[in-house]
Amino acid sequence: MADKKSINLTVMIGKLKLKNPVMTASGTFGYGDEYAEFIDLNRLGAIVVKGLSLKPKEGNPPPRIVETPSGMLNAIGLQNIGINNFIRNKLPFLRTVKTPVIVNFFGDSIAEYVRAAEKLSEADGVHALEMNISCPNKQAGWSIFGTDPHVTSKVVSAVRKATEKTLIVKLSPNVTDIGLMARVAEDAGADAVSLINTLTGMAIDIKTRRPRLANIIGGLSGPAVKPVAVRMVWQCYQAVRIPVIGMGGIVSPEDAIEFILAGASAVAVGTGNFIRPDITMDVLNGITAFMKTEGIKSINDIKGGVQC
Amino acid sequence: MSRLFKASIIENIQLVKNHYLITLHPLEKIKKPKPGNFFMVAVDHNLYPLLRRPISIHRWLNGDFQLLYRVAGKGTSILSRKKPGDILEILGPLGNGFPLKINSAHIILVAGGLGVAPMFALAELLKKRNPALYYGARTKKELLRIDELNALGLDPIIATDDGSSGEKGNIVNVLKRHIARHLSSISDNMLFACGPEPMLKALSLLAEKHGLQGYMALEQHMACGLGTCLGCVVKTTKGYRRVCKEGPVFPIEEIVW
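Protein chains in written order, with this note's numbering: chain R, 1 to 308; chain X, 1 to 257.
Next up, chain X with everything else stripped away, as it sits in the complex (with noise of 0.2 Å):
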């Protein structure tokens, strides 16, 4: 089982405007990505863009696989282009991964924008431990995959931006409220989180003030995705490290702002 593979595309539709989910067929079996784990696409065999992009793991479907991405530049403006039957080359699964041993009681998932993609996968693994999922959006339109995460039997606690959907103002404020109000016992509680930079930044300082224990999935520019080029570090208590190797995943308590 190689890490370098090619899969030909079953579907690749826009969710929403600039929000597309691509559906797989690896040619070869390929090891079974755990939720935080990310594939490098290449999109094209041109040199420009010349590095592949990274993306996480949204569904795994027994062999198959889905991604979620958001069209935000060159590669992933060709990627969207990419029709069913086409071939791309894909490196992967890589990264950490969240770690699925969790001796706490209760699990409370946060997703902010895109990071539903990791969180979703997290989530359909964890849905017989009925964890709280927070989803935080601009808006409702771009609130992706309500139904099948409702399918899973996982109703979303949803803030938006514009208050669309939900409530209105940023998803860390509503976790903040229910925290004070519902959860004695806030050490039985882990929590897993991604989203964008002031979201995860806001929930470490929450999960700092309360001691609650908790990783999140960061993201970084990368080049290679095997841990050679050092180029997609963060900072941590033990110094940099690699968002590709030692992470995606990191507890949040390492994490330096």
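Just chain R, same shape as in the assembly (with noise of 0.2 Å):
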């Protein structure tokens, strides 16, 4: 048994030292000012906030979202409130909580991407940035970047060159071979790599025989994902020496151990924060608790620890 002052949670991801594994998933935490009302947001890893693009976005019309089993399709359309308004309106508060905030962000081309990690570099209080790679490329008929290898490649070494700060490159699932995207991100300068983003997927109401959301084709996400990102980030693990994030489905600290054995040396809770808003809390607990009855010492231990 391990008592639980020598228990070590804390993991690197490039330069950034978290505290613990547990962090949150872009997209379904906000800014981190919601949830402060349910959860100690000092007791979190990291806080990754809502994909930010240069300018604010409206996103998608209604219906963006419909509940599928054990998961949901949203299609919100990159909805955000601009980088600029990020940083006067949001980062204030984020700087009062001692938990590192990785910013998320998007373009629509590979200028607009180095703009937005510039931009985002100079802010105070942006401790890392991660891209997100599944996004259309305007100057390629609206393709998405991360599903061409040759494509992820220049929009990565374009931010790298960029910015100074930890790069985290959020693989898209939609791909045949994720541990050769994972390669290319690593090559380009990344960091770590984060996994899975949402699967596309669609839900048909029969009676009306029309698609159930408005954008037709959506991102699945929710425990419906967890065995498909826990094979994408063993893959991963494999194919690359820089860290990997895990995350797609996880609503237990049981699924946040899979993702670390699997090769995760941090996780992020997504959609689980929409079931209940203390879930990173109870994920977090579980981990400890877990490490204690394993006598587990350090996290980094059973990183990577599935024995095939």
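Calculated from the structure, these hints are not laboratory results. Hints should not be assumed to be uniformly reliable.
Below, a list of computed lysine to any residue pairs in the SDA-like style, where the Cα atoms sit at most 25 Å apart [stated by the list, open to error]:
no.: 1; chain 1: X; residue 1: K235; chain 2: R; residue 2: P61
no.: 2; chain 1: X; residue 1: K235; chain 2: R; residue 2: I81
no.: 3; chain 1: X; residue 1: K245; chain 2: R; residue 2: G77
no.: 4; chain 1: X; residue 1: K201; chain 2: R; residue 2: T208
no.: 5; chain 1: X; residue 1: K31; chain 2: R; residue 2: D40
no.: 6; chain 1: X; residue 1: K31; chain 2: R; residue 2: G77
no.: 7; chain 1: R; residue 1: K207; chain 2: X; residue 2: P196
no.: 8; chain 1: R; residue 1: K207; chain 2: X; residue 2: K31
no.: 9; chain 1: R; residue 1: K15; chain 2: R; residue 2: P92
no.: 10; chain 1: X; residue 1: K201; chain 2: R; residue 2: R209
no.: 11; chain 1: X; residue 1: K238; chain 2: R; residue 2: D33
no.: 12; chain 1: R; residue 1: K15; chain 2: R; residue 2: H127
no.: 13; chain 1: X; residue 1: K238; chain 2: R; residue 2: I81
Sample of chain X residues lacking proximity to chain R, with all beta carbon distances greater than 10 Å (derived) [stated by the list, open to error]:
no.: 14; residue: G63
no.: 15; residue: E89
no.: 16; residue: R138
no.: 17; residue: T139
no.: 18; residue: N150
no.: 19; residue: I157
no.: 20; residue: E208
no.: 21; residue: H210
no.: 22; residue: C229
no.: 23; residue: G231
Beyond 12 Å from chain R on every Cβ pair, some chain X residues (computed) [as the list claims (entries may be wrong)]:
no.: 24; residue: I13
no.: 25; residue: H25
no.: 26; residue: K29
no.: 27; residue: K32
no.: 28; residue: K34
no.: 29; residue: R81
no.: 30; residue: D86
no.: 31; residue: S104
no.: 32; residue: A132
no.: 33; residue: N173
no.: 34; residue: A180
Glycine included, each C-beta is placed from N, C-alpha and C at the ideal position.
Please dock the two separately framed chains into a single complex, following the hints provided.
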């Protein structure tokens, strides 16, 4: 048995030291303030905020979400308040929290990614950047950046040159070879990869015979995607040397530990925050309890520990 | 007072087929909800259904409260089978609620179907102001809480699709006729409504035509209830607005249909 004091939960993501491996997933935690009522934000490993772009984005028409078995489809359309607004109105609060803030961002061209990264890197209180590459590329007929290894390499290299901050690349799972995409990101200078983003999906109302989302296609998240996410984290862990941040359907400490055994250095809770606003604390407490009963001294000791 | 709390079920009764009234006793003190506020109810700890059910406050009973719901899918079906003594985990009260500072002389309330749930809460609070309550449903059987409304001294003006109670047809047409006949000074009225989309749409047109001010409670698919998922937006003249945060109650003139 390891006692609580001797349990080491700290993990390194690039230059960033996290006090524990439990993060929030972008787009499921707002800008943190909405959850301060339910949990002590200081206890989180990191807060990852809703994805930002240079200019505010209005998002897609409703209906934007639909519940599916053990999961949900969303097509929010990257609605956000824009980087300037975030820096002015949301960062001051986040600076009062003793938890690193990771800002998720995206662009519709490489130039926009670079400008966004530059702007965020200058802001006081931004500890790391997470780039979303599962969004459409204006200069390539709106195809998705992160499904083409060459485009991924180009956009990650360009952002790497624009920031000194720890750079996390959030991979799209809608690819054939996720390990290849992780290697491409690593070679282009990423400090870590995070996965999975949502899996594209669709649901149809059989009475009206219409898609249940106004956008027709959406992204699937929640426990339904967890086995796919664990598999992809395991494949990425084998493909790269940089840390892998695992997410996809985590709603319990057991889920989180599964990701860590698959090779995740840290984990993020996403859709789970919608089910229970204090779920991150259950996950964190449960990881500590598990380590105690299993006699695990450092969380890093079980990273990638699945025995195949 | 946390907005995440547990409540035990005092009663969970079927009023008519598929329509239930649940009475809940919070296990800790909770914030008193305003009419138009709602709760996110976790019907189970299973992963399917995954999300909570948003249900508006129907009646506040000195710390206990009642919700009125219709069995529409898996979640509400599970909820309907819950027994007295069972514990539910609930988030709320959420949303903005109806504005309660009303300067106009007359108040018109319009409820369609299950829209009676929040309109009852509002009517109960405003009963001293003698509001005119218009209540439409598909059929007599689905007119809920009529005895309770009468007990409050609110004799609702009724319309049903099949004419089994009150006027045959839609409640907006009844209101339309009354406006044409009786209401000389329309600007001295305030309209509040909740109900199915076609009803609210027709009411919006009517309100616009007569320059009638008012508010409507809207519904949308919802995940978090806290404003973070951005899933529950509706289109307004100010852009997309979240039903769970800026709503569910919106000024009629701001809603874009």
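(request) Confirm or reject the statement that N173/X sits farther than 12 Å, beta carbon to beta carbon, from all of chain R. (result) holds, 26 Å
(request) Mind verifying the non-interface call on H25/X? Its CB should be farther than 12 Å from each CB in chain R. (result) Holds, since 21 Å exceeds 12 Å.
(message) For A180/X, is the shortest CB-to-CB distance to chain R above 12 Å, so the non-interface label stands?
(response) A180/X is indeed farther than 12 Å from all Cβ atoms of chain R, at 34 Å.
(request) Confirm or reject the statement that N150/X sits farther than 10 Å, beta carbon to beta carbon, from all of chain R. (result) holds, 36 Å
(request) Would you check whether the claim that I157/X is not at the interface survives, using Cβ distances to chain R and the 10 Å cut-off? (result) For I157/X, whose nearest Cβ neighbour in chain R is about 32 Å away, the distance exceeds 10 Å, so it holds.
(request) Could you let me know if the closest chain R CB is still more than 10 Å away from the CB of E89/X? (result) With a cut-off of 10 Å, E89/X comes too close to chain R, as the shortest Cβ separation is near 8 Å.
(request) Please work out if K31/X and G77/R have their alpha carbons no farther apart than 25 Å. (result) violated, 34 Å
(message) Checking a non-interface call: every C-beta of chain R should be farther than 12 Å from the C-beta of A132/X. Is that right?
(response) Check passes; 32 Å lies beyond 12 Å.
(message) Quick check for students: does the CB of G63/X sit more than 10 Å from each CB in chain R?
(response) holds, 21 Å
(message) Over 10 Å from every CB of chain R: does G231/X meet that, or does the non-interface label fail?
(response) The claim is violated: G231/X sits with its nearest Cβ about 4 Å from chain R, within 10 Å.
(message) The output says R81/X does not contact chain R. Does that hold with a beta carbon cutoff of 12 Å?
(response) At about 19 Å from chain R, R81/X clears the 12 Å cut-off, so the statement holds.
(request) Starting from K238/X, check that the Cα of D33/R is at most 25 Å away, please. (result) This hinted pair holds, its Cα atoms lying about 23 Å apart.
Hint compliance for this structure: hints 6, 8, 15, 22, 23 are not met, and every other hint is.
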